[in-house]
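Q: What follows is each chain in one-letter form.
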Amino acid sequence: MSESNSTLMLANVSRRGLLKGLAAASALVVAARWDLAGASEKAQFGAGAMPGGWVDNPNVFIHIAPDGIVTIVNNRSEMGQGIRTSLIMVGADELGADWEHVRVQQADANQEKYGNQNTDGSRSIRHWYDPMRRAGAAARQMLEQAAANEWGVPVHEVKTAVHKVVHTPSGRELGFGELAKAARELEVPGRNALVLKADSELRYIGKEAGLINGDLKSAYPKAIDGEDIVTGKAIYGADVALENTLCAVIARPPVYGAKIKSLDDSAALKVAGVKKVLRIDGASQPAAFSPLGGVAVVATNTWAAMEGRKALKIEWDNGPAGDNASYTSEAYLKSLEKAAQSPGKVVRQNGGDVDAALKAADKTVSATYYMPHMAQAPMEPPVATVRVADGKAEVWAPVQNPRATREGVAGRLGLDKEQVTVHVNLLGGGFGRKTKPDFVTEAAIIANAFKGQPVRLQWSREDDIHHAYFHAVSVDHLDAGLDADGKATSWRHRTLSPSIASLFAPDPKHIQEFEQGMGFNTMPFDVPAIRLENPPAPAHVRIGWFRSVYNLPHAWAIQSFAHEMAVAAGRDHRDYVLELLGPDREIQNLSVGDGWNYGENPDLYPIDIGRMRRVIERATSEAGWGKQTAKGRGLGLAFHHSFVSYTAIVFDVEVDDKGNLTIHRADIAFDCGPQANPERIRSQLEGACVMGIGIALQSEVTFKDGIAQQDNFNNYLIPRMPDAPKSVRVHLIDNPDDAMGGVGEPGLPPVAPALCNAIYAATGKRIRRLPVGDQLKA
Amino acid sequence: MATLTINGEQYELEVPDNMPLLWVIRDVVGLKGTKFGCGIAQCGACTVHMNGTAIRSCVTPVSTVSGEITTIEAMAEDAVGSKVQQAWLDVGVAQCGYCQGGQIMNATALLKRTPKPETQEIIDAMAGNLCRCGTYNRILAAIERASDAEVKS
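Those protein sequence lines, which keep their order, are chains Z and V.
Numbered by my numbering, the letters in the first sequence go through residues 1 to 778 in order.
Numbered by my numbering, the letters in the second sequence go through residues 1 to 153 in order.
Honestly, the hints are just simulated from the structure, not real lab data.
Among the hints, erroneous ones may be present.
Unchecked claim - If you anchor each label on the Cβ, the simulated ranges turn out as follows:
(1) Z/Val-346 <-> V/Thr-119: 38 to 44 Å
(2) Z/Leu-269 <-> V/Glu-77: 40 to 46 Å
(3) V/Asp-17 <-> Z/Pro-508: 50 to 56 Å
(4) Z/Gly-626 <-> V/Arg-113: 41 to 47 Å
(5) Z/Val-195 <-> V/Gly-8: 54 to 60 Å
(6) V/Thr-119 <-> Z/Pro-343: 49 to 55 Å
(7) Z/Gly-391 <-> V/Tyr-11: 37 to 43 Å
(8) Z/Lys-270 <-> V/Tyr-11: 22 to 28 Å
(9) Z/Gln-105 <-> V/Gly-8: 31 to 37 Å
The C-beta atom is built at its ideal place from N, Cα and C for all residues, glycine as well.
Could you build the full structure based on these sequences and the hints that come with them?
A: This is how it looks when you write it as structure tokens:
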């Protein structure tokens with residue numbers, strides 16, 4: 001369905017586009033370029049380069065009923081980012097619909113019909129804003145044409161008002177519902193005939209609403225699922241209720257790659273309610289999205305299945321797991337720290353000889369930083385319901401990646417993809433865990449043994465933490481040389497962490513281009529001699545995407561280290577990093593070895609130092625940077641560019657004599673270019689701030705002999721209300737001129753280093769190992 | 001056999017004595033607004049009211065239940081609960097929303113016993129309810145708003 005996107009995206013008609021001569025400010029001209037482009041040409045960047053691409057046919061996305069209810073299809077997964085409100089608002093606004101009469105329909109997995117549905121990478125609005133605007137505009141023009149036909153007047157005499165079309169000269173009106181049937185029979189206008197609304201005509205897009213830094217501006221437009229959520233009616237994956245559903249849990253091998261040696265299920269089968277015990281064959285390594293294998297217990301209710309699982313006697317064979325069975329976190333950390341002392345694969349080299357510059361420096365700064373494994377731990381643990389009958393499978397599941405879910409089930413059951421239907425439910429959080437549909441395939445395997453009867457597979461919290469696709473553990477070692485004035489003359493950074501690629505292929509032991517591009521080779525500092533290296537780090541567990549991914553360790557290390565350099569130079573941190581960044585300029589990603597750039601065109605999305613500077617200046621000025629602070633109190637800054645957006649955070653913290661930390665305030669400045677729904681942007685940044693505090697202070701999964709040592713929220717700690725800042729303030733940069741950036745993830749990477757820099761400012765104690773835990777008590 | 005009153009309706013259920021109330025509510029009675037998050041009373045997603053007091057249904061054996069159980073599905077009919085729900089909507093608390101039913105149940109129980117809590121009382125009372133999306137600042141704002149709303153009524 002997706003054709004080339006070699007046209008410039010309409011909403012991103014921008015300063016950049018104009019400069020590049022790719023587009024003019026008129027939608028007509030831009031759309032004309034579309035038609036000139038070869039329809040079969042594969043797009044190189046953006047939405048069109050994604051599997052399935054984009055679709056903007058209004059007949060796919062927009063339905064208007066005779067009673068005037070407008071139903072807009074949401075093809076992306078809702079996991080709390082608010083896409084079911086924000087994207088639908090975009091289509092509704094362009095259409096001219098009244099929000100009170102707009103409903104949303106969630107798309108099943110069908111990439112051929114709906115375009116790309118893989119909800120990760122902070123891409124949903126960035127990639128779907130333009131197609132949804134075009135779909136809305138096309139539908140509006142069809143309504144206008146239908147009205148003109150009805151009245152026998154030229155179409156230029158009619159105009160859309162809110163939820164109706166008006167004939168201006170005569171004052172006649174017809175509602176959307178009255179026009180729907182006739183409009184549906186009309187041809188969809190070509191893209192070269194679409195005229196998008198001017199910004200001044202928009203009623204919802206880009207409008208501030210809701211809670212703004214503590215003050216309620218207005219509670220409108222209302223969130224689509226808001227009322228269902230607060231009344232307990234919202235249906236998450238866990239809540240699908242089909243008659244006669246069986247409930248299952250699985251005992252999985254504690255060590256990645258282990259197999260069943262022996263099984264005694266006699267006691268389990270005696271547990272009241274238990275119907276069946278069956279073995280699940282696990283994939284060999286690398287596991288990709290396949291189940292880990294184990295033993296499933298199927299019962300009439302979830303509790304009985306869990307009780308049955310407790311009664312299983314299983315011996316595991318760690319032989320097939322190889323050296324995963326000796327994976328122990330402390331020893332692994334030591335091995336990475338040792339490897340960090342030797343040169344690694346060179347990822348980027350700019351300017352002079354780094355080693356010589358380090359030797360010649362007046363002062364050198366060196367530090368090693370550690371960030372542990374973490375589990376995404378969405379509040380809704382993985383869960384899926386599947387019914388297999390008559391050569392077909394029907395799935396209900398909270399998944400970020402509907403296509404991979406469909407293909408995973410089809411592949412494992414030996415069905416054609418067309419025989420598998422995947423209904424995407426609300427996700428009770430995702431954070432990357434639910435991009436991996438291993439749990440759905442597990443449910444399908446079990447359901448295949450109960451033909452015609454639905455089976456719901458429930459993961460416990462222990463399952464979720466023991467068998468996460470873990471955020472990669474990391475060691476980053478940095479050395480910098482400073483001249484007599486404290487100015488940086490050299491920068492050497494070695495990063496070590498297992499790669500997500502180890503999930504899909506023999507372990508490369510080195511991070512890949514997309515992982516380097518998450519803040520490592522895209523490091524923005526202007527230093528005369530730079531060398532970035534990547535020594536090897538093997539994987540011993542399933543490594544997977546965790547909100548903002550490898551940006552986490554890279555921002556943690558780089559932003560902490562820049563602060564250490566400022567301290568060593570005796571300079572103000574903000575002044576020092578602004579100097580390190582150098583003059584405002586646009587760094588082309590390829591010039592730093594980044595051919596990935598989150599899949600976006602580097603001409604539209606370079607690394608923009610001016611934008612970075614602006615968020616730093618805004619966050620520091622809002623925070624009162626430079627003000628006198630009481631003893632035990634301090635401000636800490638960090639900033640980061642990720643998912644083609646820019647974030648800076650300043651924390652104001654206090655640490656008392658006993659080492660108790662109070663976070664008084666977070667000031668977050670954020671530039672994502674044009675803002676579709678500022679209300680949800682604020683919400684995402686507030687949430688990322690709190691999640692990042694957990695990464696800094698609490699969250700860690702460690703391994704001993706290949707087995708995760710944390711089980712549940714009693715020992716895998718995540719933030720609670722007392723851990724949140726007393727105040728979180730979000731300062732959105734008004735920037736309609738640049739291309740649209742991501743929102744869900746870029747708030748997270750700078751949180752931990754900013755907090756630790758603030759702790760240093762308050763106490764003089766430097767944190768280099770996360771989580772902080774009780775290090776302040778020592 | 002267990003006899004339960006949930007949201008004013010009486011149920012006679014054939015369930016084991018040690019079955020947690022959570023799974024009775026979800027799998028047997030079929031009310032899905034009460035969520036499973038941890039199973040060990042660490043997250044609060046399963047919070048319901050027993051005689052108006054917040055309890056963790058995931059660690060409450062059904063045999064120990066005595067009195068009225070109320071779940072999130074009945075809060076719209078509750079004078080305090082409906083104010084809390086409205087405050088939640090007004091300030092746009094929810095992100096994914098999965099934990100919010102439990103948060104609202106806990107907040108409602110708090111306001112029933114302490115209609116005008118101090119900020120620190122709210123923080124202490126809500127510390128047992130996890131939100132992985134990190135909506136705590138808005139939860140606090142919503143509870144303070146609901147608390148103010150009660151005074152006006």
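Q: Now look at each hint and say whether the structure bears it out.
A: Hint check results:
1. Z/Val-346 <-> V/Thr-119: 38 to 44 Å: Check failed, 53 Å falls outside 38 to 44 Å.
2. Z/Leu-269 <-> V/Glu-77: 40 to 46 Å: With a Cβ separation near 44 Å, Z/Leu-269 and V/Glu-77 satisfy 40 to 46 Å, so the hint holds.
3. V/Asp-17 <-> Z/Pro-508: 50 to 56 Å: holds (54 Å)
4. Z/Gly-626 <-> V/Arg-113: 41 to 47 Å: holds (45 Å)
5. Z/Val-195 <-> V/Gly-8: 54 to 60 Å: holds (56 Å)
6. V/Thr-119 <-> Z/Pro-343: 49 to 55 Å: This hint holds: roughly 53 Å between Cβ atoms.
7. Z/Gly-391 <-> V/Tyr-11: 37 to 43 Å: holds (39 Å)
8. Z/Lys-270 <-> V/Tyr-11: 22 to 28 Å: holds (27 Å)
9. Z/Gln-105 <-> V/Gly-8: 31 to 37 Å: Given about 34 Å between the Cβ atoms, the range holds.
When each numbered hint is compared with the structure, a violation occurs for hint 1 only.
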